[in-house]
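Chains as they are written, first to last, in this note's numbering: chain E, 1 to 185; chain C, 1 to 486; chain W, 1 to 402.
Since the hints were derived computationally from the structure, they do not count as laboratory data.
Idealized CB from N, CA, C, for every residue including glycine.
Each hint should be verified, as a subset may be incorrect.
Below, in silico cross-link-like pairs of lysine to any residue (SDA-like), each with a Cα-Cα straight-line distance of 25 Å or less [stated by the list, open to error]: (1) E:Lys97 x C:Tyr410; (2) C:Lys313 x W:Pro138; (3) E:Lys145 x C:Asp37; (4) W:Lys231 x W:Phe195.
Okay, the calculated beta carbon distance ranges per label pair [said to hold, decoys possible]: (5) C:Pro48 x E:Ser22: 47 to 55 Å; (6) W:Ala30 x C:Thr362: 53 to 61 Å; (7) W:Phe306 x E:Ser101: 16 to 24 Å; (8) W:Ser317 x E:His136: 31 to 39 Å.
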Amino acid sequence: MSRHQKQPDAGGSYGYLVAFDSVEQLLQAAARVRDAGYTRWDAHTPFVVHGLDAAMGIRPTILPYLVFTGGLTGTTCGILLQWFTNAHDYPFLISGKPIFSLPANIPVAFEMTILFAALTALVGMLALNLLPQLAHPLHGSRSFKRATDDRFFISIEARDPIFDPVATRELLESLGGSAVEEVPG
Amino acid sequence: MSATTVDTRALLDNTTDDPRRRAPLVLNHTEFGFVTDTVCGVVERTTPRSWYIAFAAALLMTGVMFAMITYLITTGIGVWGIQVPVGWGFAIVNFVFWVGIGHAGTLISAILFLLRQKWRTSINRFAEGMTIFAVVCAGIFPGIHVGRMWVAYWLFPVPNQMQMWPNFRSPLLWDVFAVGTYATVSLLFWYMGMIPDLATLRDRATTRLRWFVYGVLSLGWRSSNRHWHRFEMAYLLLAALATPLVLSVHSVVSFDFAVSIIPGWHTTIFPPYFVAGAIFSGFAMVVTLVIPTRHFFKLGEIITLRHLENMSKIMLATGMMVGLAYSTEFFIAWYSGNAYESFTFLNRAFGPYAWAYWIMVTCNVVVPQIFWSKRMRTNLVVMWIASILINVGMWFERFVIVVSSLSRDYLPTSWGYYRPTIIDVLTFAGSFGLFFTLFLLFVRFLPIIGMAEVKGVMPAALHGEPGHGDYHGDVVERVGRRGGAR
Amino acid sequence: MKQVADITTEVRRLDPALPLWLGVGAATAAVGIAGAVALASTQEHGWGRLLESYLVSFALFLALTLGALFFVMLQHITRAGWSVVVRRIAETLACNAWLMAVLAIPVVLGMDHLYHWSHVEAAAHDPVLVGKMGFLNPTFFVIRLGIYFLIWGLLAWFFHRTSVRQDTTLDPKLTVRMERAAGPGLVLFALSANFAAFDLLMSLDPHWFSTIFGVYYFAVSVVTFFAVMPKILVSLQWKGVLSRAVTVEHFHDLGKLLFAFNVFWAYIAFSQYMLIWYGNIPEETQWYLKRQTGDWAWVSLALLVFHFIIPFLVLVSRAVKRRPRLLAFTGSYMVVMCWLDLYWLVIPEFSPGSVRFGLIDVFCFLGVAGVYTLALTFRLKRHSLIAEGDPRLQESMAFHTA
Numbered sequence: 001m002s003r004h005q006k007q008p009d010a011g012g013s014y015g016y017l018v019a020f021d022s023v024e025q026l027l028q029a030a031a032r033v034r035d036a037g038y039t040r041w042d043a044h045t046p047f048v049v050h051g052l053d054a055a056m057g058i059r060p061t062i063l064p065y066l067v068f069t070g071g072l073t074g075t076t077c078g079i080l081l082q083w084f085t086n087a088h089d090y091p092f093l094i095s096g097k098p099i100f101s102l103p104a105n106i107p108v109a110f111e112m113t114i115l116f117a118a119l120t121a122l123v124g125m126l127a128l129n130l131l132p133q134l135a136h137p138l139h140g141s142r143s144f145k146r147a148t149d150d151r152f153f154i155s156i157e158a159r160d161p162i163f164d165p166v167a168t169r170e171l172l173e174s175l176g177g178s179a180v181e182e183v184p185g
Numbered sequence: 001m002s003a004t005t006v007d008t009r010a011l012l013d014n015t016t017d018d019p020r021r022r023a024p025l026v027l028n029h030t031e032f033g034f035v036t037d038t039v040c041g042v043v044e045r046t047t048p049r050s051w052y053i054a055f056a057a058a059l060l061m062t063g064v065m066f067a068m069i070t071y072l073i074t075t076g077i078g079v080w081g082i083q084v085p086v087g088w089g090f091a092i093v094n095f096v097f098w099v100g101i102g103h104a105g106t107l108i109s110a111i112l113f114l115l116r117q118k119w120r121t122s123i124n125r126f127a128e129g130m131t132i133f134a135v136v137c138a139g140i141f142p143g144i145h146v147g148r149m150w151v152a153y154w155l156f157p158v159p160n161q162m163q164m165w166p167n168f169r170s171p172l173l174w175d176v177f178a179v180g181t182y183a184t185v186s187l188l189f190w191y192m193g194m195i196p197d198l199a200t201l202r203d204r205a206t207t208r209l210r211w212f213v214y215g216v217l218s219l220g221w222r223s224s225n226r227h228w229h230r231f232e233m234a235y236l237l238l239a240a241l242a243t244p245l246v247l248s249v250h251s252v253v254s255f256d257f258a259v260s261i262i263p264g265w266h267t268t269i270f271p272p273y274f275v276a277g278a279i280f281s282g283f284a285m286v287v288t289l290v291i292p293t294r295h296f297f298k299l300g301e302i303i304t305l306r307h308l309e310n311m312s313k314i315m316l317a318t319g320m321m322v323g324l325a326y327s328t329e330f331f332i333a334w335y336s337g338n339a340y341e342s343f344t345f346l347n348r349a350f351g352p353y354a355w356a357y358w359i360m361v362t363c364n365v366v367v368p369q370i371f372w373s374k375r376m377r378t379n380l381v382v383m384w385i386a387s388i389l390i391n392v393g394m395w396f397e398r399f400v401i402v403v404s405s406l407s408r409d410y411l412p413t414s415w416g417y418y419r420p421t422i423i424d425v426l427t428f429a430g431s432f433g434l435f436f437t438l439f440l441l442f443v444r445f446l447p448i449i450g451m452a453e454v455k456g457v458m459p460a461a462l463h464g465e466p467g468h469g470d471y472h473g474d475v476v477e478r479v480g481r482r483g484g485a486r
Numbered sequence: 001m002k003q004v005a006d007i008t009t010e011v012r013r014l015d016p017a018l019p020l021w022l023g024v025g026a027a028t029a030a031v032g033i034a035g036a037v038a039l040a041s042t043q044e045h046g047w048g049r050l051l052e053s054y055l056v057s058f059a060l061f062l063a064l065t066l067g068a069l070f071f072v073m074l075q076h077i078t079r080a081g082w083s084v085v086v087r088r089i090a091e092t093l094a095c096n097a098w099l100m101a102v103l104a105i106p107v108v109l110g111m112d113h114l115y116h117w118s119h120v121e122a123a124a125h126d127p128v129l130v131g132k133m134g135f136l137n138p139t140f141f142v143i144r145l146g147i148y149f150l151i152w153g154l155l156a157w158f159f160h161r162t163s164v165r166q167d168t169t170l171d172p173k174l175t176v177r178m179e180r181a182a183g184p185g186l187v188l189f190a191l192s193a194n195f196a197a198f199d200l201l202m203s204l205d206p207h208w209f210s211t212i213f214g215v216y217y218f219a220v221s222v223v224t225f226f227a228v229m230p231k232i233l234v235s236l237q238w239k240g241v242l243s244r245a246v247t248v249e250h251f252h253d254l255g256k257l258l259f260a261f262n263v264f265w266a267y268i269a270f271s272q273y274m275l276i277w278y279g280n281i282p283e284e285t286q287w288y289l290k291r292q293t294g295d296w297a298w299v300s301l302a303l304l305v306f307h308f309i310i311p312f313l314v315l316v317s318r319a320v321k322r323r324p325r326l327l328a329f330t331g332s333y334m335v336v337m338c339w340l341d342l343y344w345l346v347i348p349e350f351s352p353g354s355v356r357f358g359l360i361d362v363f364c365f366l367g368v369a370g371v372y373t374l375a376l377t378f379r380l381k382r383h384s385l386i387a388e389g390d391p392r393l394q395e396s397m398a399f400h401t402a
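From just these sequences and the hints, can you work out the full model?
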């Protein structure tokens with residue numbers, strides 16, 4: 001019946017939201033949304049659900065490569081810093097050690113590697129996720145608050161190229177979750 | 001809770017050894033909401049009076065420490081007991097002690113993660129918090145030891161009025177980088193893991209202030225699986241980075257001693273031996289903190305007896321490693337054929353600091369032996385007392401290393417005996433105040449158990465896949481016969 | 001849902017691979033022994049060089065055996081589930097401790113050549129060695145070796161026998177018993193392996209000492225073990241044995257452990273080098289000086305690059321660890337590197353300044369490897385290749401890394 005009331009359009013609505021009680025239901029539902037060809041959709045779970053990435057068809061993230069690059073940058077900076085300060089800008093001899101001596105430079109180079117890589121991991125993760133994003137239409141839904149507690153959600157955005165107010169709702173209703181909720185944009 | 005009328009011990013015992021099934025990690029409950037309610041409940045319920053009392057006491061101790069530091073700065077380093085030949089006294093002992101404490105947090109959050117030890121989820125947040133507070137305490141001591149602490153920034157490679165750079169061939173500078181990196185990485189690992197749980201607190205907030213603060217802290221987390229995907233990868237990468245980092249930090253701390261040529265300091269086993277000792281003391285501190293917290297906030301169904309038993313086992317294992325290092329050092333001191341080496345070790349065991357040495361051996365090697373017995377491993381009182389003794393022993397280990405070697409140098413004419421002053425003792429005691437102040441704030445305002453991670457290892461999260469990694473199943477069946485566990 | 005293989009339909013005896021293994025083992029042993037003896041008897045100082053090179057290969061295969069023993073006990077004490085399908089092979093490798101006891105005989109007989117401290121008259125004029133005579137003397141050395149091999153042999157025998165018994169009895173109590181034994185077992189292992197490293201390798205230079213040396217040899221052991229395992233599994237699967245029970249997930253985990261312990265090795269090696277380099281005390285640095293002058297400097301650098309940096313970059317990749325053949329190849333390469341590491345520990349003591357690598361070293365390696373393979377084959381073929389009575393078998397077969 002709600003189907004024939006106000007329908008969302010790309011401008012006025014964020015999209016649809018549907019909730020599930022169990023991981024099994026969510027996984028089956030996600031696979032069906034994926035197979036239906038949607039691209040601008042998401043699942044929302046209170047914890048990492050193994051197998052969901054495959055059920056949603058998410059491709060591996062590039063984060064490891066970013067972190068590797070960050071680490072290499074750290075090593076280079078660590079070595080250059082030590083070379084510049086102790087061997088180039090103000091060379092001085094101490095305790096009979098060479099001016100530029102790799103063994104003594106390894107600890108700092110190592111720590112800089114880890115520091116740069118770790119910062120890249122956190123910042124890279126947030127940047128790829130477009131976080132922080134304090135205001136988001138989904139936060140307006142009351143039921144959605146349980147996504148951080150014990151319920152599992154699937155949302156499909158109205159911006160999805162194959163989004164259709166009627167057909168998408170029908171698909172979501174057939175998944176066996178709660179009543180489909182329309183999230184205002 | 002109503003559980004007090006039932007035999008709580010039987011209810012909470014999941015330590016039985018049946019290799020046919022994995023023990024449950026959350027007892028008596030299968031629904032995710034239980035975890036949310038229990039953990040958030042700690043933060044959301046009105047502050048108990050006992051918290052205020054504890055907090056006031058901790059704050060007082062912190063005040064004592066800052067008073068002592070003020071006295072030190074205004075008067076001079078002579079208020080401490082350090083003197084020629086023992087130029088490194090309490091401050092360095094305390095520094096190594098506190099840095100070591102932190103290591104258990106990283107072991108639990110990173111190394112046990114890589115080893116797929118799913119039981120870590122109940123205690124990792126807690127231990128990571130402890131890491132950060134311990135590193136804060138540790139950082140203070142070298143900072144106030146440098147003498148002119150107003151120019152402590154000379155430690156960092158920033159241009160300064162001397163127009164000189166720090167000496168990168170000095171292990172003390174490696175320490176600055178190692179501990180600095182460690183503090184930073186621990187903090188971001190801790191914070192990142194907390195984002196989903198902060199979002200939970202945001203979504204449960206009943207006041208506008210809580211909603212706003214937790215909302216900002218959780219960065220707008222909306223539990224999206226596309227986010228979780230990268231979050232998990234970032235977590236894995238941070239764990240893989242923190243693992244060598246934690247080894248390097250205490251190795252670098254050990255370099256402070258071992259690159260010198262002082263007998264008893266210059267020995268090649270120091271790096272791994274310091275790391276084992278650090279994890280040993282850190283686990284002891286986790287146990288010291290977790291047993292009362294678990295009791296006070298009634299978290300026994302999430303931090304179960306099995307978790308504590310596992311921690312006892314780790315204390316036993318690392319205690320044995322430390323014991324092996326002690327005996328190897330002793331043996332090689334004799335084997336080296338070097339008179340100074342063998343003298344140093346005989347002096348440790350029978351010289352003027354023999355009392356400290358034997359406290360160390362008793363607490364670090366003898367006491368953990370009780371954990372060979374399962375009854376001791378599952379007896380909370382025994383475990384708690386043993387954990388405190390181990391902390392005492394590990395503090396004395398650093399004391400023995402620092403003081404006994406310095407007080408008996410190569411030259412008998414420059415021998416001496418180090419006595420700490422009351423200022424030394426009060427500063428050290430005050431650092432516990434700071435540690436507990438931070439800890440109590442953490443317990444009050446942040447989720448002390450990683451809810452999202454605990455939920456992820458519950459059977460309902462594993463969608464019925466048998467043997468999913470480290471599968472911990474059969475909760476329902478276990479609950480059915482909860483009465484008969486003893 | 002992942003389909004779990006059924007253990008009863010799995011090929012889990014060595015038989016299909018038996019002719020190949022026996023053939024390769026026998027041929028390798030024959031070529032190796034014949035070649036080594038021929039070269040030793042024709043070259044000048046040939047027997048001495050044979051003995052020195054023999055110690056290198058002996059130490060390598062002892063490392064493999066000890067690594068396997070450590071792995072078995074570690075799996076029990078941690079109640080590991082993933083590793084059940086590969087544990088039997090490790091148990092059998094550990095049982096070769098008895099073979100290694102026999103192979104130690106040439107080392108004992110050649111003590112006179114290998115260990116300078118065994119010359120009592122010469123040692124009597126050396127004040128440092130006089131002090132150590134209570135420990136470093138031929139009689140006590142042999143007694144100690146006996147004790148080590150007794151400990152390793154009995155531990156290996158206990159874990160192998162109990163596990164084999166479980167194949168038929170399916171008794172979960174045996175798992176608990178092995179778990180309980182693993183604790184004290186690891187304590188005995190740590191003590192004996194630590195001192196064995198001092199005795200067999202560190203005392204080659206009786207003046208030199210390093211407290212971390214036992215940990216160093218331990219690291220070599222574990223790396224060698226994880227390097228060999230993928231190769232063994234791949235060659236079994238090539239003949240259709242264990243082809244379903246052992247999955248790419250198990251290879252992945254073995255690869256991760258190889259990677260991790262190789263980094264651990266680098267950490268220990270660096271710690272030892274750094275502290276001695278920085279302290280710069282003559283009695284310690286002379287050991288590294290021998291390895292930093294002449295040709296040996298190149299071997300030292302080669303270890304840094306080819307034992308650490310290149311394997312690090314190769315094994316950090318998930319793709320490599322999940323391709324069993326590629327992993328087995330990397331593992332074999334790592335075995336060669338572990339051999340080079342031991343060569344670098346032993347040979348500079350006899351040949352300072354020049355590396356003098358020769359055919360005899362290859363023959364020695366082949367000879368020991370062949371004998372070792374034969375002994376392994378004979379023991380492996382007697383029982384199932386999987387600890388099939390282990391209550392965690394299903395968990396292991398269904399295992400996949402998260």
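Query - Pairwise beta carbon distance, phenylalanine 306 (chain W) to serine 101 (chain E), judged against the given window 16 to 24 Å - result: 23 Å, holds
Query raised in the report: Is it true that the CA of lysine 97 (chain E) sits at most 25 Å from the CA of tyrosine 410 (chain C)?
Result: The hint holds at about 23 Å.
**Report entry** Outcome of range test on Cβ distance (proline 48 (chain C), serine 22 (chain E); 47 to 55 Å)
**Finding:** 36 Å, violated
**Report entry** Restraint status (C-alpha distance of lysine 145 (chain E) to aspartate 37 (chain C) at most 25 Å)
**Finding:** 14 Å, holds
Report task. Mind checking the alpha carbons of lysine 313 (chain C) and proline 138 (chain W) for me, to see if they're no more than 25 Å apart? Result -> Status violated; Cα separation ~39 Å.
Query - C-beta pair alanine 30 (chain W), threonine 362 (chain C): status relative to the range 53 to 61 Å that was hinted - result: 58 Å Cβ-Cβ, so the 53 to 61 Å window holds.
Query raised in the report: For the pair serine 317 (chain W) and histidine 136 (chain E), does the Cβ-Cβ distance stay inside 31 to 39 Å?
Result: 36 Å, holds
Query raised in the report: Would the pair lysine 231 (chain W) and phenylalanine 195 (chain W) pass a check requiring their Cα atoms to be no farther apart than 25 Å?
Result: Since the Cα atoms of lysine 231 (chain W) and phenylalanine 195 (chain W) sit roughly 30 Å apart, the hinted pair is violated (cutoff 25 Å).
Comparing the model with each numbered hint stated earlier shows that hints 2, 4 and 5 do not hold.
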